[in-house]
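J.: So you can see what is in the structure, the chains are spelled out below.
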Amino acid sequence: MSIVGTRVVRIEDQKLITKGGTYVEDVREEALTGAVHAMFVRSPIAHARITSIDTAEALAAPGVVAVYTAADLDLGPRQAGPVVEPWLASDVVRYVGEPVALVLTEHRYQLADAAELIDIDYDPLDAVASIDAALSDETLVFPDMGSNVVQVNGMPEFPADTFDGCEVVVTQTIVNQRVAPAPLEVRGAACAWGEDDRLTVWLSTQNAQIGRTLLAAGLGVGEEKVRVITPDVGGGFGAKIGSDPEPVVLGWAAQRAGRPIRWTETRSENLTSMTHGRAQQNTVTVGGRRDGTVEVFRLDVVQDAGAYPRTLFLPTLTELMASGVYHFPKIETRSRGVVTTTTPIAAYRGAGRPEATAAIERAMDLFATEIGMDPAEVRKANFIRPEEFPYKTKSGANYDTGEYAQALDKVLDAAGYAGLRAEQRRRREAGEPVVLGLGIASYVEITGGDSGGESGRVDINPDGTVTAYTGSSPHGQGLDTSLTMLLSDQLGIPMERISIRHGDTDEVPKAIGTFGSRSLQLGGSAVRQAADKVIANAREIAADMLEAAPEDLELNVDEGAWQVRGAPASGSVDWVQLAARAEQGVLSADVWFGEGSPTFPFGAHLAVVDVDTETGKVVVRRVIAADDAGPVINPLAFRGQRHGGLGQGVAQALLEVMAYDPDGNPTTATLADYSFITATELPDFELVDSATPTTRNLLGVKGIGEAATIGSTPAVHNAVVDALAHLGVRHLDMPTTPQRVWEALSAKGEAK
Amino acid sequence: MKVSIEVNGKAVTEEVEDRTLLVHYLRENAGLTGTNIGCDTTSCGACTVLLDGESVKSCTVLAAQADGHRVMTVEGLAGEDGELHPVQRAFREQHGLQCGFCTPGMMMASVSLLAHNPKPTREEVREGLEGNLCRCTGYHNIVSAVIDASGQEVDR
Ligand code: FES
Ligand code: FES
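Sequences listed follow chains L and G, in order. Using the UniProt record's numbering, the letters of the first sequence map in sequence onto residues 1 to 752. Using the UniProt record's numbering, the letters of the second sequence map in sequence onto residues 1 to 156.
Note that these hints are calculated values from the structure, not bench results. One or more of the hints may lead you astray.
Stretch-level coverage of chain L by chain G, calculated; a stretch enters the list once three of its residues show a Cβ under 8 Å from a Cβ in chain G [claimed, not checked]: (1) 3-15; (2) 265-273; (3) 469-478; (4) 608-615; (5) 678-684.
Derived lysine-lysine pairs resembling DSS-like cross-links, with alpha carbons at most 25 Å apart [to be verified]: (6) G/Lys-10 x L/Lys-15; (7) L/Lys-19 x G/Lys-10; (8) L/Lys-394 x L/Lys-330.
Just so it is clear, CB atoms sit at the ideal spot from N, CA and C, and this is done for glycine as well.
The whole structure should be built from the sequences, with the hints applied where relevant.
T.: In structure tokens form, the structure reads like this:
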């Protein structure tokens, strides 16, 4: 009986629940014996010229092994888009949290003491702490660039006559606020140079192999000189994809100091120095007819790239996914990336797509309000229809499959939408101080969109156990269990006899890793393909052993044995016997699944909120979600990924923001200030299941890691605005905190 | 100074600096790395352990304050024979963990919650775990796990 598609409890959990995982800080390898502790000394000022650094006093402090600054470093330049980002700042600092020096001490508690003794003089420059400040070009973050706009995509100028002839035109600027990925395990690394002049780094990363490539390039050594091992990783959410300077500086320092090094940042450092996400300001304009048809959609993106534009693909992805689930005849997009004196921006769960969806889904609601139509009806009037797939959007995305109307209908049904609208009317008419809001978001997501493939290897060992190697690098997704299920079904070998290995560049030299919800569709397909090859190979060997034609053989997956089709009595051979016959006693196949065509999961979310007009407080009562990512391997993990995505998506709509004052000082730099969502602010999630396969990989699956984040943020955002619509509120920026809601009501004279 | 703590039923005596935090004592002196550190402001709960049966955030307690007391960490939850504690079993059964980093603290907080309120409602579980942050699960399954561990039916 097939286990794929059934709820299987995770094999990952046993260790995690009994001993806790082995995260970087828990690694107790011999190579790390005598390791010193490291701490980066970071800029406390957003923008300043460094006039002097004096390390003498620190060097004399107890336990201090070394203090390094840019003057000591002999690393090559490090490019961040069009600018050079220093490994350690030497002349100018450009964000609070930028590393300036590195301290090494014998004991952990000596680090902060020593760091305080480093005397750095800063001569402050004007901060550029917002997108508007950046666009004004009054202060330049990089004077040599001549402008803070470092990237322009799409139409440089929009034509003046685009919306001529539209019956209705609505426009709105929508802030997609900066948020902190804040994995619960902060960044960390431990590294040691071996006697073979080779560096081993235990790194909390989403992709050991890219980590190795970046380390080798940064250190100016060959890739064979670096081994990266990914132990358990306590969450990544895109921010541990890895373009950080710290690991390279640590690798360099371990060589210079001749000591192994352990580094774990503090949470406050994490909130200011790990890349942030989102940070877009999007102006949307929708033109259409009063019957609900949208004719033109325009999206103008400004991406705050932070101080160093390490990743410029976010606005590009936002443009690509601009039109969402709709069949818009005309789309115009443009994006600009600007630098500011703030923490660099990079991927965060969804990376570019949540921003696109938030913009279009707010715009659809604004359009619906303008023409007086129900937002669900407006969406239905514009959906791409199932028979139109594959569908190429005007912004260049090539959608595989979709059932957009069905997803929305399922959610509306499950929620009892008509009843909720009736409740809303009733409560409004009764003048209740707590008002009801309903928010819809229909979304399409792109997964595995990097077009790279993934590696997979399957070994049948002499004892008939299986070891599979994947280039994916899970950190909570439950991929080990999913791959084990797939292999068990395919090979007829029980799950307990299968083990999955990943995250060590010596074991898996070639890989891309885990991001963009690519693991199952690419990593899973690679393992599937490797197992297919093993099976093909086994068929030949078994045919030889059973003296039968290969095509007459079948693998009896219930027995885990090969036999002649229709004549089981004529004998069988099992995997142990096969492995014994194979070269070196291991039946093995190593593949690169290279068909990296992206897939396009989709769904619809409905949020039901209560908003207290007296306090501005928003309570999320219900979230009903359909997230369709094709066939489901393990419903347990699938639903878990959706829960997590929903939680983070709701958090962005309601609470989370990484905020700066006008001088560029972060005002949310600890977990006491940053509104990390807790259990009390979230409801139980109501999940509606549906599964529309793709033809673009061997498993028919699409990615699910980011999907629910994409749908939930605009659903909740729309719900809050919807709750206040009858009081004259047309739009509110996220996060819809009590203060912001209350201010919007006050402005309308409606605060109670 | 010398600090003696009974950790998971075993006496641990170590010479440490006065300012040593309980969490570092557990991780480095007692060699139990299951207890994690997620913040520096007593906000995340990753470091939650039981001190004389009550949950505490071990990043905010000095080892010296635990001198002569009993501490239980995640490593002490399962029985001698490896039999899982009901809370451990339920976290696994309900998929109450993903990356697992919050999990030791989350489970210790749950044990304490159930000791005070053996049959909590889902709302009460949410309130009881407010001091423990999880970035991965959206909390839904964590709540289910605590309900399950309490012997009540999980209906979501
Ligand atoms: S580490 Fe103790 S509460 Fe966060
Ligand atoms: S499971 Fe990752 S933080 Fe809770």
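J.: For the pair we were handed, G/Lys-10 and L/Lys-15, check the Cα-Cα distance against 25 Å.
T.: The given pair, whose Cα atoms are some 21 Å apart, holds under the 25 Å limit.
J.: In terms of beta carbon proximity below 8 Å, does the segment 608-615 of chain L have 3 or more residues touching chain G?
T.: With 0 residues close enough to chain G, the hint is violated.
J.: Okay, the segment 678-684 of chain L and chain G, do three or more residues pass the C-beta test at under 8 Å?
T.: As far as the segment 678-684 of chain L goes, the hint holds, because 5 residues have Cβ atoms under 8 Å from chain G.
J.: Between L/Lys-19 and G/Lys-10, is the straight-line Cα distance small enough, at 25 Å or below?
T.: With a Cα-Cα distance of about 16 Å, the restraint between L/Lys-19 and G/Lys-10 holds, given a limit of 25 Å.
J.: If you look at each residue in the segment 265-273 of chain L, do at least three have a Cβ nearer than 8 Å to any Cβ of chain G?
T.: Per the Cβ count (3), the hint holds.
J.: Counting residues of the segment 469-478 of chain L with a beta carbon closer than 8 Å to any beta carbon of chain G, are there 3 or more?
T.: Our answer is that it holds, as 4 residues pass the Cβ test (under 8 Å) against chain G, meeting three.
J.: CA of L/Lys-394 to CA of L/Lys-330, is that 25 Å or under?
T.: 7 Å, holds
J.: Count the residues of the segment 3-15 of chain L whose CB lies closer than 8 Å to any CB of chain G, then report whether that count reaches three.
T.: holds (count 5)
Hint check: a violation occurs at hint 4 only; the rest are consistent with the structure.
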